[in-house]
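**Q** Following the hints, position chains E and A against chain B.
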Amino acid sequence: MNKELKIFGVVAFFTLLLYWGVEPYAHSQMHKHVEGKNLVYDGTADIEAAEGDVKAKKEAFWADVKKIADLKGDATAGEATFAMCGGCHMDGAANMGGVTPPSLDHAGALYDKNYLIALIKDPAMASNVDHKYPNGTMSHPMGSISSMVSTPQDIANVVAYLKEKKNAHVEPREAFKEACGRCHANRYGKLTQLGELPKTKSNIATGKDIDRMKYDQKVAEEQAAVAAYMGKLPPDLSIMIRARSEHFMHTFIENPQSQLKGTAMPRVGLSHEGMEKVIEFLEETGDPSAPARAMAGPYVIGFFVLFTILAYLWKSSLWRDLH
Amino acid sequence: MARIENAKSIGEWLDQRIAIETLKKVMQTEYWIPKNINFLWAMGMVLAATFGILLVSGIFLLMYYQPGVDTAFDSVNYTIMTEVGYGWLWRHVHGVGASLVFLIIYIHLFTGIYYGSYKKGRELIWLSGMLLFVLFSAEAFSGYMLPWGQMSYWAGMVITNLFSGGSLEAYGLVEWIRGDYVPGQAFLTRFFMLHVLLLPLVIIGGIVFHFGTLRIPHVNNQDGEDFDYAEAAELYKAGNVKESKVIPFSPVFLSKDVFVMGVYFILFFFLVFYKFEFAMDPVNFDPANGLSTPAHIYPEWYFLWSYEILRPFSKDIGLIAFGIAQVIFLSLPFLDRSPNVAPASRRGLFNIWFWLLLIDVLVLTFMGKLPPTDMTFAMIGKVAAYTFFALWIALPFITMFEKKIKE
Amino acid sequence: MSMSSRRDFMGMALGGFTALGGIGALMAMKKTWDPLPSVKAAGFTTVDLAGAEENKLVVEKWRGKPIFVLKKPKDSKPNDRDIVIGEDRFHVSIGLCTHLGCIPAYVGAEKKFKCACHGGEFDTAGINLPNLPPPTPLEIPPFKIDGTKLVLGEAGPEYKKMLDAGITA
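Protein chains in written order, with my numbering: chain B, 1 to 323; chain E, 324 to 730; chain A, 731 to 899.
Bound conformation, chain B alone (with noise of 0.2 Å):
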């Protein structure tokens, strides 16, 4: 019995050996370990990426940016303020050089109060993809804001209506839809990036459905917009946190540029919030077996424990007598 057990601890030791060599080992090696900033939005990570004179730009608009957060906004001023941002961020909107303007419905609870004060000031810097604006923040499709909210008042009255009357419960589905949806789409979950899919009906003479293929034109359309304005189509996220793993997805989305470095994805400013519920939905359409799992799991393992006991006393039974 010593002997066997001797025998099953070098074969127990030369594959735990083999596992940790091929998993935990490889996957240090090949993808370096990236930490989050605990979604705070204070330009650290831009500026410590910077160099020179782009270095110095980040650190005086993001000090700038604080500065604003330090005033105390108004929410009725910034209730008026809002109006004008209606115009492209609303229902039906229409694609604007590349993107259609999301949903500003939930914007107060999903984004970070910080990164809102950033993104009115100056999109492309907010959002880290500046580099892509040689010509400056003009040239972003929200680069005409700064004539529409000109006042370090003026921002920080709008952020603060947001915070304080654009905050309502937000489902995982619709946080989603507002901050990724206009790019990705999420074919698991029936979502492309013109909204929910419809129900539509085929021809029962033909047995094609025309309203379908219409809108599936439509997308086309929209996709083809998208793809051109970022330089490729945002990938489908169905299963893309099984593809990447949440770690992953936490610290790309708090800044795309710490995993992607170079890539055109905007940092999107999602607040704690904001991220649980995107998360939620990513492993509502990319795990969805995971609560039956959990649920299941003990119970199979519990019935092999026994299983292997009543086969140990069977086992022995019949090798009692033999030695």
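Because the hints were derived from the structure by calculation, they are not lab data. All C-beta atoms in this analysis are idealised placements derived from N, C-alpha and C, irrespective of residue type, glycine included. Take the hints with a grain of salt, since some may be wrong.
[Said to hold, decoys possible] Partial selection, computed: residues in chain E whose CB lies under 10 Å from chain B: (1) His415; (2) Gly472; (3) Tyr494; (4) Leu496; (5) Glu498; (6) Gly502; (7) Lys560; (8) Ser567; (9) Lys579; (10) Val586; (11) Phe593; (12) Met603; (13) Pro605; (14) Phe608; (15) Lys692.
**A** Just chains E and A now, with coordinates in the frame of chain B:
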């Protein structure tokens, strides 16, 4: 025509027609296994059980899988994983099972090497076993193509490219294998055919043959002792079970098998439910894209050691080395020149050879996963590859001068 | 307990326990064979009856089956099997002969459904004519009236009334 009398039980009725009592004796209750064994002897049945699980889980996956380049990925990751009742379970079981079957194959293989179970009449057991290893490798590779993820596509691209034969530039052959210029619909459906029909049938035939080769030489034992089976069998049948050196396959050996299987299944299902990333690599959760190669391509872990042998050398030498590495294990019974059938611990230099081989294959496995652009890893891999061949070349010499163990 | 009977007991205990696990596995396998949720959800079809022509059969599709929609001729006798929308009476049924499942043709001139396979016939209310192979009237699918639209697959109050009256299965 046999004399048929009224049977007094179902057993007797069957026995009169298909000699079921004789079958039971030959296959189970009087199929003699040595008593001097340890749990490693159960690995064969563990493999049979795993193969059975792969077959059953595969059957349910097959009900919903669609072998089309546009539908395969979603048929697995949407339909099976989210819509089909317990689809996620069969998928996890199949993926984990495919990985674990190789873990057990390697344990089974190295057990055979350690105890000398490939020599003196047991050569065909070893050869049929190695043939099964090759068949399982082909089955695993063809199966990995089916989800049509990024890794499926690019592993398919890289491995079929090997058949161009380096400087032979046999691109026509590569295109013939693929049925197209690149891995596409033709490629997917033919590997589907291989994975679901042809290879399983051949594997089943191989398993039957492997079992058949065991009967005459008998299963080995921990001391490599060659004893009189007839005598031992008589002792056992006479009730002298303590002194007999054998046990019947059923129920005695089987009971040990079943216990070992129980322990194995605890590990198996723990991995199925909680820790399956090693068997379901994240890269394959990106749909196949012929226009974008992933940053890191690597085969499944069980192919890494031979993948690494391919890499350190120049194109043609690498292919030759790779080719030799695939078949060299087959030559083991013939390269080992010593007549000793004994555990490696008693075979002097062979013991060192064994552990060096095991460690070398582990190092090759680790390096096979890592990017070859890193200089240190590339050097370690190179040394390990050279060591691999050095070990095999040394084997005849080591064993030629091995002291004969007194019976 | 003697050794051999203890062995047998353990063996049987193990065997019984394993059988329990086998039953669990079989239950999971049965669930795998079940129709998918998307298939079951797709079982709703909406038919617009607004522009229907009198005495002209329209065939729709519901759950893979043909559905007869017939605006009954003005002179036909009212029947509890009819679906009433405003002034019009409609006959809606699953277009499969209740004998062996062929699709009967509608002969407008004779105002009846005639099945080519074995000669079965049904009137404009879908009731099988006597002394012919079909044993029962054409089956009425679950339906819900929504203005001038009919939603097949959903059991509305009128359908439930038919069920209670034993008019349809």
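**Q** Look at each hint and say if it fits the structure.
**A** Cross-check of the supplied hints:
Annotation: interface hint on His415 of chain E holds; nearest CB of chain B at approximately 8 Å, less than 10 Å. Look at Gly472 of chain E: its Cβ gets to within about 9 Å of chain B, closer than 10 Å, so that hint holds up. For Tyr494 of chain E, the interface hint is violated, since its Cβ never comes within 10 Å of a Cβ in chain B; the closest pair sits about 30 Å apart. Given hint, Leu496 of chain E at the interface with chain B, is violated; its Cβ is 32 Å from that chain's nearest Cβ, farther than 10 Å.
Interface restraint check: Glu498 of chain E against chain B, minimum CB-CB distance 29 Å, threshold 10 Å, status violated. This hint is violated: Gly502 of chain E has a C-beta 28 Å from the nearest C-beta of chain B, more than the 10 Å allowed. At its closest, the beta carbon of Lys560 of chain E sits 14 Å from a beta carbon of chain B; the interface hint therefore is violated under the 10 Å criterion. Interface restraint check for Ser567 of chain E: the shortest CB-CB distance to chain B comes to about 8 Å, inside 10 Å, so the restraint holds.
The criterion of a C-beta within 10 Å of any C-beta in chain B is met by Lys579 of chain E, whose closest approach is roughly 5 Å, and the hint holds. For Val586 of chain E, the interface hint holds, since its Cβ comes within 10 Å of a Cβ in chain B; the closest pair sits about 6 Å apart. The interface hint given for Phe593 of chain E holds, since its Cβ lies 6 Å from the closest Cβ of chain B, which is under the 10 Å cut-off. Because the closest C-beta pair between Met603 of chain E and chain B is about 8 Å apart, less than 10 Å, the hint holds.
Checking Pro605 of chain E against chain B by beta carbon gives a least distance of about 5 Å; that is within 10 Å, so the hint holds. Below 10 Å, beta-carbon pairs count as interface contacts, and Phe608 of chain E has one with chain B at about 4 Å; its hint therefore holds. Residue-level restraint check for Lys692 of chain E holds (minimum Cβ-Cβ distance to chain B is 4 Å; threshold 10 Å).
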